[in-house]
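**Q** The primary structure of each chain is shown beneath.
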Amino acid sequence: MQVEKFTMEQFTAMGQPVIFNFSPGINVLIGANSTGKSHVMKALYTLLKASEEAQLKQDTPERLQMRMQEKLQGVFKPDTLGRLVRRAPGRGSAKLAVVYAGQSLALELTTLGNVRLAYKTLIDPEPTIYLPAREFLTLYEGFIALYEKRELAFDVTYYDLSLALNAAPLRGPRVEKVKALVEPLIEAIHGNVQRKNDRFYLDLPEGSLESQLVAEGYRKIGTLMQLLINGSLSQSGILFWDEPASNLNPNLVTVIVKVLRAMAQAGMQIFVATHDYLLSQELSLIAEYNPEAAIKFFALHQPAPGQGTEIEAGNTLVDIENDSILAEFAAHYDREQELFLSSHDSESAGGER
Amino acid sequence: MRRFEESYLEFRFGEQWQPIIDFDEHPDYKKLTKTIKGSKGVDFVGVFRDELNAREKLYLIEVKNFRNYRTQNKKRLSSGELAVELGQKVRVSLACILSAYRTGDSQTWQPFLEMLVDRDSWLGVVLWLEQDYPQGRDRHHKVRDQHRKATLSTRTKEYKKKLRWVTSRVLVCDHRSSQLRGLEVRNLPQSQVD
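First to last, the protein sequences are chains G and E. All residue numbers for the first sequence refer to our numbering, where the first residue is 1 and numbers rise by one. All residue numbers for the second sequence refer to our numbering, where the first residue is 1 and numbers rise by one.
Some hints could be false.
Subject to a maximum C-alpha distance of 27 angstroms in a straight line, what follows is the list of computed DSS-like cross-link-like pairs (lysine-lysine) [stated by the list, open to error]:
hint, chain 1, residue 1, chain 2, residue 2
1, G, K149, G, K95
2, G, K258, E, K40
3, E, K75, G, K258
4, E, K74, E, K40
5, E, K75, E, K161
6, E, K142, E, K40
If you're looking for bench data, these hints aren't it; they were derived computationally from the structure.
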């Protein structure tokens, strides 16, 4: 079961209604800062995760409405919920609507912070995981207890992730199913992830090292491994991953691309927000040469500063006119050529001596 | 205006390019390559008289036209083979300028040699690289240009590494992206050249 469509209106960076018709496989969100990539993922995550939790707790419609309100607050952490409504004169409201496996769920949020749901609850939503841009393995130790007792600056996606990491490893035939997804990750870092007591370690050729002592890219891969090994990321689940390539060596980026594709082929629906040239272009190459690959790209852009974000969708990056990452690489070449042609310094200033 | 044809490309150098030499056609270059088998220089060596900046700039220009031959040349591009080849051609070209000044037409080579031995002179190497882009990358002008520039930018970094021993001014460009003043380049159909 997958997210088919998501509509946002007057929500943070979005003004006029923007509609995402998602791929059942990988969905890549690109765009400059403040165009709302993470907000798209977080808003969608809120609706799905709250529905998943409501199903487990067998919420009444009133309780679900309350849960949505709490989840929005927890995910976005605004001063007041009404601040998520795009600023405009007078009172207004924001709307979020998702179509998931043929079922619809719509939420309206007023500037006063009231939430109204127009829907029936989503039935049997698949497990949803949100991986924030910041690696979490090193923060895990004691995080659950601390989050439950204290008011922390971390949003609730970190708490949800800590619960997902906390699950015990899979046993029996289900292990075999995730093996194919975990193996490329083991190969990439030449090691495996282990939880001992309340800490994560990476068993690497140089020995078992605390996650705090290994590179951040390895920790990100370790997080993904743990979620696969313990079944939190199931083959029919939904993964949101904010900036998967941040702090990753380019050779690990290509590993991540392979794993994302394998997970999508296994049935997982994936949402990725990225600024990374290599990650986005590698995914586009797959889409260009394998039209059946079920990858879709969404470029978020603002026609002018302060205006609402607009969406451009394409099956490859080639179809996207407003690719902010590529535009900057092209501009880099222009600057290089300009410097080449206009430099007047002596060679001793430019060459090595 | 000096006109040359090289690898199915027409190069038109304006008056600011003085002198400009097609290495392949010059007897001094031919003498060297006959004596030392396997020696290959760049295609053009020229001085650009930059009136805007009151500066003379020495250019070594190598031309590669991989249009219609992308597959055959893919390995040369990706393995770094072409970068090594360019480095070697620059090495031979410098040797040729020196030997030709000493044993050949000194007057022709003097301005080049003087610039080469002057630490304060400007020396740039240009790889003129024409290539096809994969099918499907041609749908939108803007995106196509951005892709080309991103690719050329990456290539420029590779070639720079192989030429740091002589200069850090290296540029990879093609007829669409070039901003070299006083130089017009266009593709020629194969039949027109043959």
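**Q** Hint by hint, note whether the structure agrees.
**A** Hint by hint, here is what the structure shows:
For the hint linking G:K149 to G:K95, the alpha-carbon distance of about 32 angstroms lies beyond 27 angstroms, and the restraint is violated. Between the alpha carbons of G:K258 and E:K40 the distance comes to roughly 42 angstroms, so the proposed pair goes past 27 angstroms and is violated. With a CA separation close to 23 angstroms, the supplied pair E:K75 and G:K258 stays within the 27 angstroms bound. Between E:K74 and E:K40, the direct Cα distance comes to roughly 21 angstroms. Compliance with the 27 angstroms bound is thereby established for this hinted pair.
At most 27 angstroms may separate the alpha-carbon atoms for a hinted pair to count; E:K75 and E:K161 meet this at roughly 18 angstroms. For the suggested pair E:K142 and E:K40, the alpha carbons sit about 37 angstroms apart, so the restraint of at most 27 angstroms is broken.
Violated hints, in rising order: 1, 2, 6; the structure is consistent with all others.
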